[in-house]
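If you use this note's numbering, the sequence shown corresponds to residues 21 to 75, in order.
Each hint should be verified, as a subset may be incorrect.
[What the hints assert, rightly or not] Have a look at the derived ranges for each label pair, beta carbon to beta carbon: (1) Phe38 with Trp71: 47 to 53 Å; (2) Asn40 with Leu72: 47 to 53 Å; (3) Tyr25 with Ala69: 34 to 40 Å; (4) Asn40 with Leu66: 38 to 44 Å; (5) Trp71 with Pro41: 53 to 59 Å; (6) Asn24 with Gly57: 33 to 39 Å; (7) Ala39 with Val61: 49 to 55 Å.
Treat the hints as calculated values from the structure; they're not laboratory data.
These numbers come from a predicted model, not from an experiment.
We put the beta carbon where it would ideally sit given N, CA and C, even for glycine.
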Amino acid sequence: MAENYTDPSGNTEAFRAFANPEAAPAEAASRTGLIIGAAVVAAVLLALATWLAFG
């Protein structure tokens with residue numbers, strides 16, 4: 021076996037992720053909301069900067 025192989029049963033968190041793979045998409049969904057929120061904030065800041073520069 022490779023030296024960097026980690027047995028999922030050796031770590032509780034890793035084992036839960038290995039044994040319950042459907043829990044991972046819920047975390048991805050929350051990250052998607054964060055990314056969308058950050059994009060909205062960036063767009064608002066860009067619009068504000070444009071308004072201040074040309075207004």
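If you test the structure against every hint from before, which numbers come out violated? As far as the earlier hints go, 3, 5, 7 are violated by this structure, in ascending order.
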